[in-house]
Structures are given as C-alpha cells and as structure tokens.
Amino acid sequence: MTTASALDARATPVRRLPPVDWLLVLSALAVAGVVARATLYTPADAMLGAVQRLFYVHVPSAILGMYVACSVMAIAGGLYLWIKDDRLDRIAESAAEVGFVFLTVVLVTGSIWGKASWGTYWAWEPRLTSALFLWFLVLSYLVLRDAIENREARARLSAVLGVLALLLVPFIHMTVYLFRGLHPEPIVLKPEKPAMSPEMLSTFGFAMLAFGLLFFAMIRLRYQWATARDARAELEQA
Amino acid sequence: MRLALQQASVTVAVYQTQESAAPPALESQESGAVPPPQTSVPAPERTGPPDTVSSMKTGYVVALTIFLAYIVLLMRRVASVRKPS
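Chains as they are written, first to last, in this note's numbering: chain A, 1 to 238; chain B, 1001 to 1085.
Quick caveat, the hints were computed from the structure, so don't treat them as lab data.
Take these hints with a grain of salt, some might be off.
What follows is a list of derived Cβ distance ranges for each label pair [to be verified]:
| id | chain 1 | residue 1 | chain 2 | residue 2 | range |
| --- | --- | --- | --- | --- | --- |
| 1 | B | R1082 | A | K193 | 23 to 29 Å |
| 2 | A | K84 | B | V1061 | 42 to 48 Å |
| 3 | A | W122 | B | R1082 | 39 to 45 Å |
| 4 | B | R1077 | A | L178 | 38 to 44 Å |
| 5 | B | S1054 | A | K84 | 50 to 56 Å |
| 6 | A | S197 | B | D1051 | 19 to 25 Å |
Covered stretches of chain A, going by a simulated chain B footprint (3 or more residues, C-beta under 8 Å) [to be verified]:
| id | stretch |
| --- | --- |
| 7 | 28–36 |
| 8 | 54–65 |
| 9 | 96–110 |
| 10 | 222–228 |
Here chain A is said to cover these stretches of chain B; the calculated rule only asks that three of the stretch's residues, wherever they fall, bring their Cβ under 8 Å from a Cβ of chain A [to be verified]:
| id | stretch |
| --- | --- |
| 11 | 1050–1056 |
| 12 | 1059–1066 |
| 13 | 1069–1075 |
Every residue gets a Cβ at the ideal spot worked out from N, C-alpha and C, and that includes glycine.
I would like the entire structure built from these sequences, with the hints used as guidance.
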C-alpha cells in the first residue's frame, strides 16, 4: 500500500462521520414522546403522587447505565485483554462514558424522587451508597484513560478497572434484599410479573425502547468519534 | 424554716404566672363579651396522593438537560475532528 493510499484509508473514518446523525435525532424524538406520554397521559401513583412518574426515566437509565453499559464496558475490556483489538477498547470507552451519563441521571432523578418521598435528597443507605460508589468507579475509569498517554497501557489498565467495576453490579442489585434500607425492591427486574397497571407498564415499555435507542445512538456516535480521533492521531504522527 | 420560705415563694411565683397568663380569658368571661370569631379554618384531612408535580417537573428537566448537554458535547467533538488541521 502506498503512503497516499494508506493516508486515505486512515482518513476514511473522519469522512464517514455523517453531517446529521439521524439515529440520534430519532431517539431524541422518541424520548420526547415518552416524556409527554409519561407526564400527561400516564396515571400518577396513588401513594406517591406525580413524582412517581420519574420512574420512566430513573429505571430505564439505571438498567441501561448500570447493567448494560457496565457489562459492555467489562466484556469489551476483557476481550481486549485477550485479542488486543483497538475496536474493543473504543467500544469499552464509549460504553463507559455513555454509561456515566446515564448513571448521573439515575443519581439525580433518584435524589429528587427521594426528597419528595423520603423527605431527604440523600441517605447513606446500601443501595444509594453502592450506586454512588459505582458512579465514582466509572468516573475513575474515564479519568484513568485521560491520564495515560500510551495507548496500549491505557487500554490495558482501563480494561482491568472496567472488569472490576462490573463485579459491583450484582452486589448493587442485591443490596435491597441483603440490607434494610430506604430504597424499595425492584419492580421490573425480578422473577415475578412487574407490579404495575397496564398503562404504567406500557409507558415503561416505551420508555425502555426510547432510552435504549438513545443509549445505542450515543454509543454509536461516541464510537465513530473515537475511531475518527484515533485515525486522525495516526495520520498526524505519520 | 428556709425550706418553707422557698416553697412559699415558689407557690406564689406559680400563682402569679397563672394569673398573668389567664387574665384575658377571665376578663372576657366576666364581662360577658363574645369571643372573636374563629378566623383560621382547620386544615382538611388530606385525601389522595401528595402534590409532587414540581418535583416531577424538576426531575425531568434536570435529566433531559444532562442528556442534551452530553449530545452537545458529542456534536462539538465530532465537529472538531472534522475540522482540517
């Protein structure tokens, strides 16, 4: 391959970035639709009132940010340690960053919900404390990546941290069963049928789809950007 | 003797306190004046869920702002990579 063609091949990811990410636009519209449906057409909870409708952003964000993003980050990182493919490292870093955004939404909406339901924004109880710890772990993953210049060392060390972070997720899920705290037990992620009315359940289904689409669109764009960034860095070094 | 005096002074003090607190009621009863109409309405017993609409709105606004801020950050990154160096 000549130098010119090699440079052209490396520059391709930059050119491949679309001017408008239609998947992101579609997912944003879906989220707007879900917010309208949740706040205007879905009945409020008889005990908690309107604040219970935060369920439709809090729980999907928790499922995607905690279970899905952390799993992708750890599996891609673990596979990177084995295969040493840069694409896996880029998938892991994209999942970590988008997962961090979703985890932030979980903590913030949970605090606002807690203030209305429990009378306090924060309590040092097992579920909340362990979720905050995961948030700090993912933040440390991102800070670690930013601190290491060498690409190979950065990918290797952050992959180890990503795998370790996943070990916390089952513990966070079990905290509501193992300890007595303020946070209620899962309504959706449990062996039995979800304890919700059909209207609430359908809104929750739409919310999962919309936020899932947003999650995927964000990871996709983040991955495309990381690919273009790395290609450009190689191009500048050549 | 001193103890008896102390007890007596305490009794007088209690009596004086009761007297100073009681007069308005005693006066109104003695003069036969009609007590002022009750202006404060007792709070109705709360039925149904609490009013937490503002918390719901705050939660949605904050959550959507976080998502929007991250999308803007992604767009800016993409734009910076596209820019020729």
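I'd like to know which numbered hints this structure contradicts. Please list them from smallest to largest.
1
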